[in-house]
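Asks: Taken in order, these protein sequences are the chains called A and B.
In this text, residue positions in the first sequence follow the numbering used here: the first is 642, and each later residue adds one.
In this text, residue positions in the second sequence follow the numbering used here: the first is 642, and each later residue adds one.
Among the clues, some could well be false.
When chains are identical, the list treats them as one kind, so a pair holds in a single copy or across two.
Derived DMTMM-like pairs (lysine to aspartate or glutamate); straight-line CA-CA distance at most 20 Å [what the hints assert, rightly or not]:
1. K692 x E870
2. K770 x E683
3. K795 x E683
4. K692 x D868
5. K770 x E685
6. K805 x D779
7. K720 x E802
8. K770 x D745
Think of the hints as simulated: they come from the structure by calculation, not from any bench.
All values derive from a computational prediction rather than experimental measurement.
Protein chains: 2
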Amino acid sequence: MKIQKLAVLFVVATLSACAQVPKQATVFHYATIDALLAGAYEGELTVDELKRKGDFGIGTFNRVDGEMIVLDGDVFQFKADGTVAKASGGQFTPFAVVTSFKADNRYEVSKETSMKELEDMLDERLVNKNLFYAIRVDGEFKQLTTRAISPQDKPYKPLAEVTKTQTLFNFSNTRGTLVAFRSPGFAKGFNVPGYHWHYLSDDRKAGGHVLALSLSQGAIKVGAASDIEIKLPANSMFANTNQTVDRATELKAVEKLRKD
Amino acid sequence: MKIQKLAVLFVVATLSACAQVPKQATVFHYATIDALLAGAYEGELTVDELKRKGDFGIGTFNRVDGEMIVLDGDVFQFKADGTVAKASGGQFTPFAVVTSFKADNRYEVSKETSMKELEDMLDERLVNKNLFYAIRVDGEFKQLTTRAISPQDKPYKPLAEVTKTQTLFNFSNTRGTLVAFRSPGFAKGFNVPGYHWHYLSDDRKAGGHVLALSLSQGAIKVGAASDIEIKLPANSMFANTNQTVDRATELKAVEKLRKD
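Please take these sequences and the hints and turn them into a complete structure.
Replies: Spelled out as structure tokens, the structure:
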């Protein structure tokens, strides 16, 4: 009894020491979207380290080798050759966004819904546009178009150049999960304002960065986050990237193949 | 012995649970500069809560009632009536940026130096422009111009409107401390890119948001930070602020009385 009491006391004391200002749900960022847009394709954060910051999220791998999907604590890599694999713990990311997913709200979709309709529907429901939202959609998709990027070689070109050679994938009647964030406008320097959708199929055979979709039916879960963490890479590539320019046009170009 | 071992085990387990990815120096933000520019002048973070996030920094108080200077763990309020007082633990801030100050580098200034010369000198030394830097300058100032804003009433006007009625202060031969940050370009939505200087005199009688200065001699300490935290207010004022527009011009207007 005495031992238990003392142990509990220590745990409570230590927990309150690291909690400090009460934490809400946190969205963790490694690096910035502006650095990625500029061609800083090498980071030093491993998949194992990223996993400690969240169980749900999106990103890419060093050399922009495919699209990252973090789902239920596993990190998947959808490559430009169309294969899906679990990433190894030692793989590096140059940019990733993760959270510990916790749903505040659930919605159902039962009629055919395009990407734009899905975003409009969510925009109606997510009243506070200045929070981050993690969005999970488990469903059946009549049609889904994704892209993935092939691993790049140095000297790295800006992402808007690289996406001109991206590989497109069209999936029909696929069942799986959309992993997404909605980020507020003030995130423009470090994340993608608005919606950013990645996909992974239930059979772990399809995935990618979503450009278009037609959802037949699905269950949507949304979790708001009001705490943000950003960890900056320590390498010279990140240090030397010009992050003072407005990259909104480049970001639009990277996203422009979307067919709403 | 058994009790101690068990307790130590619990502490180690709990500490490693909160340490996770190794932390570098962290700059903590409450709210965003874009919300402040838009007139969201009410926050819910207390001075006591802010202190737990750092011992050094800058900000303002609810209703933009004066300028905040956080120095050696104390939080000071320089009001538009020219008085300095220690803030009480229960006062609220709508926007603040703090860190646990730790100097990586030190420089000396021994000849008369303007604000622009000081910033140029630092720009030469702070090679990585994509990190945050906390900057502390203890020195003697031949001349120093600051401003402070009077507490505002609802409905709140945008900050660029409010600063038109700011109170200016000219101090001569004052000895004290500049408390500042240099923020990278990608921080544009949530912090002020470039330098942001506040001041507090040794006799705790002068202070404010610095617009111009002439440093006679001083000791500069700089600490880099690669980890960023942002905590967003939960109130409706922050939620309803339009943070999708580019407020660079407004930010410039707020800073425009600088006489370099």
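Asks: Hint by hint, say whether it matches the structure.
Replies: How the hints compare with the structure:
no., hint, verdict
1, K692 x E870, "both (14 Å within a copy, 18 Å between copies)"
2, K770 x E683, "between (31 Å within a copy, 18 Å between copies)"
3, K795 x E683, "within (10 Å within a copy, 48 Å between copies)"
4, K692 x D868, "both (18 Å within a copy, 17 Å between copies)"
5, K770 x E685, "between (32 Å within a copy, 19 Å between copies)"
6, K805 x D779, "neither (30 Å within a copy, 52 Å between copies)"
7, K720 x E802, "within (18 Å within a copy, 51 Å between copies)"
8, K770 x D745, "within (16 Å within a copy, 38 Å between copies)"
Hint violations for this structure: number 6 only, all remaining hints satisfied.
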